[in-house]
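Construct the entire structure; sequences and hints are all you get.
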Amino acid sequence: MPELFRPSKQLYQEHFEEEIVLKKSIWNALVLSLIPIFTAACNNDEKSASDGTGTYSAGATAEISQNTAVPAIVQPPAGGDELKPNKADARKADTGSDEKPAVDPADVRAANLVAQMSLDEKLQFIRSDHKTMGDTGGGGAGHIPGLPRLNIPELTIADSSTGSGALRLASTTFPATLAVAASWDEKLSYDYGVEIAKQLRAQGYGMGLGGGANMVRDPRSGRMFEYLGEDPVLAGKLLAWRTKGTQSQQVIATIKHMVGNEQEAYRTTGSSAIDERTLREIYMLPFEIAVREAEPGNVMCSYNKLTLDKYPADIFACQHYHTLTEILKNEWGFKGQVQTDWKAIHSIAGAINAGVDEEEDYEAATFFLADKVKPLLKDGTILISRLDDMVRRKLRTMIKVGVMDNPPVDNKVADFKPQTDFESGAAVAQRVAEESIVLLKNREPQAPLSAAPNAHLLPLNAVKLRKIAVIGAHANDAVLSGGGSGSTRHPVWGNYDTCGDVKLHQNGCGWWAVPWALVRTSIVRAIKDAAPNAEVSYGGNSDRAQPFRPYTAQEIDAAVELAKTSDVAIVVVAQPSGEDVTSLSLSLSVVRDGKGNPSNQDELVTKVAAVNKNTIVIIESGNPILMPWIDNVSAVLETWYPGENGGPAIANILFGKTNPSGKLPITFPKKETDTPTGGGAWSENPVYSEKLNVGYRWYDAKSVAPLFEFGFGLSYTSFAYSDLRMDTDGTDGTKTVSFSVENTGTVSGKEVPQVYVQFPSAAGEPPKRLVGWEKVDLKPGEKKKVAVKIPPRMQSIWDTDKNTWKLVPPSKIMVGASSRQIKLEL
Numbered sequence: 001m002p003e004l005f006r007p008s009k010q011l012y013q014e015h016f017e018e019e020i021v022l023k024k025s026i027w028n029a030l031v032l033s034l035i036p037i038f039t040a041a042c043n044n045d046e047k048s049a050s051d052g053t054g055t056y057s058a059g060a061t062a063e064i065s066q067n068t069a070v071p072a073i074v075q076p077p078a079g080g081d082e083l084k085p086n087k088a089d090a091r092k093a094d095t096g097s098d099e100k101p102a103v104d105p106a107d108v109r110a111a112n113l114v115a116q117m118s119l120d121e122k123l124q125f126i127r128s129d130h131k132t133m134g135d136t137g138g139g140g141a142g143h144i145p146g147l148p149r150l151n152i153p154e155l156t157i158a159d160s161s162t163g164s165g166a167l168r169l170a171s172t173t174f175p176a177t178l179a180v181a182a183s184w185d186e187k188l189s190y191d192y193g194v195e196i197a198k199q200l201r202a203q204g205y206g207m208g209l210g211g212g213a214n215m216v217r218d219p220r221s222g223r224m225f226e227y228l229g230e231d232p233v234l235a236g237k238l239l240a241w242r243t244k245g246t247q248s249q250q251v252i253a254t255i256k257h258m259v260g261n262e263q264e265a266y267r268t269t270g271s272s273a274i275d276e277r278t279l280r281e282i283y284m285l286p287f288e289i290a291v292r293e294a295e296p297g298n299v300m301c302s303y304n305k306l307t308l309d310k311y312p313a314d315i316f317a318c319q320h321y322h323t324l325t326e327i328l329k330n331e332w333g334f335k336g337q338v339q340t341d342w343k344a345i346h347s348i349a350g351a352i353n354a355g356v357d358e359e360e361d362y363e364a365a366t367f368f369l370a371d372k373v374k375p376l377l378k379d380g381t382i383l384i385s386r387l388d389d390m391v392r393r394k395l396r397t398m399i400k401v402g403v404m405d406n407p408p409v410d411n412k413v414a415d416f417k418p419q420t421d422f423e424s425g426a427a428v429a430q431r432v433a434e435e436s437i438v439l440l441k442n443r444e445p446q447a448p449l450s451a452a453p454n455a456h457l458l459p460l461n462a463v464k465l466r467k468i469a470v471i472g473a474h475a476n477d478a479v480l481s482g483g484g485s486g487s488t489r490h491p492v493w494g495n496y497d498t499c500g501d502v503k504l505h506q507n508g509c510g511w512w513a514v515p516w517a518l519v520r521t522s523i524v525r526a527i528k529d530a531a532p533n534a535e536v537s538y539g540g541n542s543d544r545a546q547p548f549r550p551y552t553a554q555e556i557d558a559a560v561e562l563a564k565t566s567d568v569a570i571v572v573v574a575q576p577s578g579e580d581v582t583s584l585s586l587s588l589s590v591v592r593d594g595k596g597n598p599s600n601q602d603e604l605v606t607k608v609a610a611v612n613k614n615t616i617v618i619i620e621s622g623n624p625i626l627m628p629w630i631d632n633v634s635a636v637l638e639t640w641y642p643g644e645n646g647g648p649a650i651a652n653i654l655f656g657k658t659n660p661s662g663k664l665p666i667t668f669p670k671k672e673t674d675t676p677t678g679g680g681a682w683s684e685n686p687v688y689s690e691k692l693n694v695g696y697r698w699y700d701a702k703s704v705a706p707l708f709e710f711g712f713g714l715s716y717t718s719f720a721y722s723d724l725r726m727d728t729d730g731t732d733g734t735k736t737v738s739f740s741v742e743n744t745g746t747v748s749g750k751e752v753p754q755v756y757v758q759f760p761s762a763a764g765e766p767p768k769r770l771v772g773w774e775k776v777d778l779k780p781g782e783k784k785k786v787a788v789k790i791p792p793r794m795q796s797i798w799d800t801d802k803n804t805w806k807l808v809p810p811s812k813i814m815v816g817a818s819s820r821q822i823k824l825e826l
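Anchor point for the sequence shown: position 486 equals 486 in my numbering, and the numbering is continuous, going up by one each time.
These are calculated hints, taken from the structure and not from any lab test.
Don't take each hint at face value.
Below 30 Å or equal to it, Euclidean Cα-Cα: the simulated BS3-like pairs (lysine-lysine) are [as the list claims (entries may be wrong)]:
id: 1; residue 1: K806; residue 2: K789
id: 2; residue 1: K528; residue 2: K779
id: 3; residue 1: K343; residue 2: K310
id: 4; residue 1: K187; residue 2: K779
id: 5; residue 1: K785; residue 2: K775
id: 6; residue 1: K613; residue 2: K670
id: 7; residue 1: K775; residue 2: K441
id: 8; residue 1: K131; residue 2: K374
id: 9; residue 1: K691; residue 2: K702
id: 10; residue 1: K412; residue 2: K343
id: 11; residue 1: K784; residue 2: K812
id: 12; residue 1: K657; residue 2: K564
id: 13; residue 1: K657; residue 2: K187
All of these numbers come straight from a predicted model, not from anything done at the bench.
Laid out in structure tokens, this is it:
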């Protein structure tokens with residue numbers, strides 16, 4: 001495994017003993033079960049399949065043993081020749097040498113199973129066969145039939161970005177995936193994957209589709225809430241740990257949507273034009289990190305077309321040989337399967353020969369049908385060796401993850417009731433929410449609250465508060481969640497019945513679940529529990545029939561009156577977003593829906609802040625928002641979509657039971673025109689002309705001041721940085737950056753020191769690039785040494801002339817509390 005992608009040894013030792021034991025047990029069972037096996041010889045196999053009969057000559061067998069390298073990497077067809085493995089390239093890609101790699105028993109076992117199948121049996125494994133998504137057990141997303149005579153179980157699939165997306169089975173609503181990114185916590189990302197996977201397995205699902213890794217090119221992106229921010233290293237590392245967590249529970253993890261799917265507008269018709277260097281350094285890098293570190297079972301290709309250097313323009317991502325085979329399978333050595341996004345196929349041969357292994361659809365998949373694929377096999381347009389490779393990848397993944405030998409429960413039986421541990425889910429959801437909340441502003445308290453020297457309004461002192469106003473965003477009974485396939489469609493506590501007049505998808509919510517999720521403990525209830533001696537009152541819109549409508553003049557007037565008589569006014573604002581959302585605005589003055597419905601949340605905040613100087617704004621969002629009122633409020637918390645236990649998590653932060661430690665994984669602009677795409681209309685064929693200057697790199701390169709920069713987040717304590725040094729390993733050039741972080745405040749807290757590098761100007765890189773970080777937990781007065789390794793790949797740029805990575809040692813090392821709060825330099 002290349003050093004760039006090698007997770008820390010400590011994390012493995014501390015947190016993954018259970019996974020290691022599981023893998024050892026599976027390995028031992030496979031080794032003991034291996035016996036000499038035989039498979040059809042390729043030439044006879046091609047001939048027997050080409051006649052369309054699906055029969056094989058009994059004499060055409062070839063022995064496969066543990067000493068036989070089973071091909072996983074293929075080259076493109078040339079002159080009608082069979083797809084042949086390039087074993088030397090595979091060895092060099094994985095080990096850097098010509099040494100023959102050890103054979104994985106899962107490869108041998110999968111090849112043995114494929115060799116025993118008829119053509120028709122093989123063809124059933126390359127497509128979902130459900131008639132509608134509702135027909136799958138529990139209302140999942142897909143179904144692959146099993147093959148009982150070979151003891152191959154069926155496989156059911158569910159969406160899982162922020163919890164199970166089963167239509168008919170109750171699931172915990174976890175915080176948005178973007179919240180996980182805001183935690184900057186690899187172990188937490190692992191636990192998030194574990195807990196969602198536990199619920200998936202309990203519901204009968206063996207595959208979860210939750211691993212979104214698209215970059216935040218435009219902060220208005222509809223699905224940003226289910227991705228991992230604007231930096232490819234942050235996104236890739238956290239995705240890798242989530243993937244490990246998912247697959248530790250014997251649930252196949254899918255990472256998605258590869259590649260160039262950074263906007264919802266025109267996502268099925270548009271073409272993303274990306275130069276090769278930007279493709280490699282930004283948009284493919286999260287996938288590469290996850291593939292190399294975590295070995296996900298599946299990679300999902302995206303809807304959009306791609307226009308890439310040196311390739312014809314406007315090729316669909318699910319038909320692009322360069323990304324799916326040349327890079328993913330050949331260069332990275334990916335041995336899992338490529339699945340399509342739902343209804344993303346446009347050509348049978350084009351997709352299969354490019355590297356797609358499985359077709360998915362909202363209904364029964366209609367392209368990879370047996371009667372359509374067989375003629376293409378017969379005339380040689382598709383080779384039987386490629387079909388075998390598709391099925392082998394499927395079975396290998398099931399074997400490696402454990403689904404083959406330990407399939408989930410059958411969720412199609414009558415009166416099926418999953419044994420789901422909702423209390424465990426709620427606890428993890430609350431921990432993720434607390435670790436991800438970002439304190440953006442916290443100034444001194446104003447009258448009637450007294451201000452001690454160097455005091456801040458937060459954390460609130462429950463003993464001193466007489467009256468608290470909580471205003472807005474249904475804080476009395478619900479939290480907002482993201483919409484579309486990334487949502488939990490059957491929340492444990494239910495949800496609102498309608499989106500009203502808001503057009504989030506088609507009419508109202510369309511196929512979405514209503515994103516207002518009801519909760520056991522609301523924000524208002526949690527604040528009452530935290531301040532039992534205070535009078536806590538709620539004001540705002542309680543209209544469930546029109547949950548997104550603007551506040552009436554009477555509601556705003558009532559909120560202002562309530563704020564006037566309160567010690568503290570807590571205003572909750574919420575901005576919806578989700579799949580298919582193509583809003584052009586980050587403003588709270590409009591709803592992020594298809595119609596641009598008006599909203600007056602900015603007016604509400606402004607008027608409340610005018611009468612109460614201790615106004616706190618709590619934001620529930622999946623995108624950054626604009627804040628025209630920022631100078632007039634005392635404190636701001638970004639809570640993302642906080643999940644079903646968001647209420648207690650927010651209260652714990654407000655009253656200091658938990659010290660906020662979240663850091664922004666995205667930049668908050670002052671205005672939409674400051675962003676890399678300029679805030680204009682969505683382009684049907686976006687040209688990624690900003691190239692490497694994505695997110696914070698754009699603001700640095702263009703000297704544009706953001707409202708809040710990438711990596712920013714305040715704490716209730718303070719930290720000091722010192723003792724920076726750098727050592728270089730003479731063997732491979734890995735640099736180790738070490739420094740000390742000290743808690744100089746009076747309460748315990750967690751800091752996230754971030755390491756950035758600057759390259760020589762001739763390298764053509766942005767002013768700084770994140771290469772590592774560590775989350776450090778410190779007691780008051782405690783000082784810890786932190787060491788962050790920078791392997792050679794993190795010191796490299798993509799050389800387009802030589803089509804490889806080029807080592808360019810950085811000219812400066814920077815350590816900071818954010819991308820703009822640089823504390824140490826070397």
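Each hint tested on the structure:
no.	hint	result
1	K806 to K789	holds, 18 Å
2	K528 to K779	holds, 29 Å
3	K343 to K310	holds, 27 Å
4	K187 to K779	holds, 20 Å
5	K785 to K775	holds, 12 Å
6	K613 to K670	holds, 23 Å
7	K775 to K441	holds, 21 Å
8	K131 to K374	holds, 22 Å
9	K691 to K702	holds, 13 Å
10	K412 to K343	holds, 24 Å
11	K784 to K812	holds, 23 Å
12	K657 to K564	holds, 27 Å
13	K657 to K187	holds, 21 Å
In summary, this structure violates none of the numbered hints.
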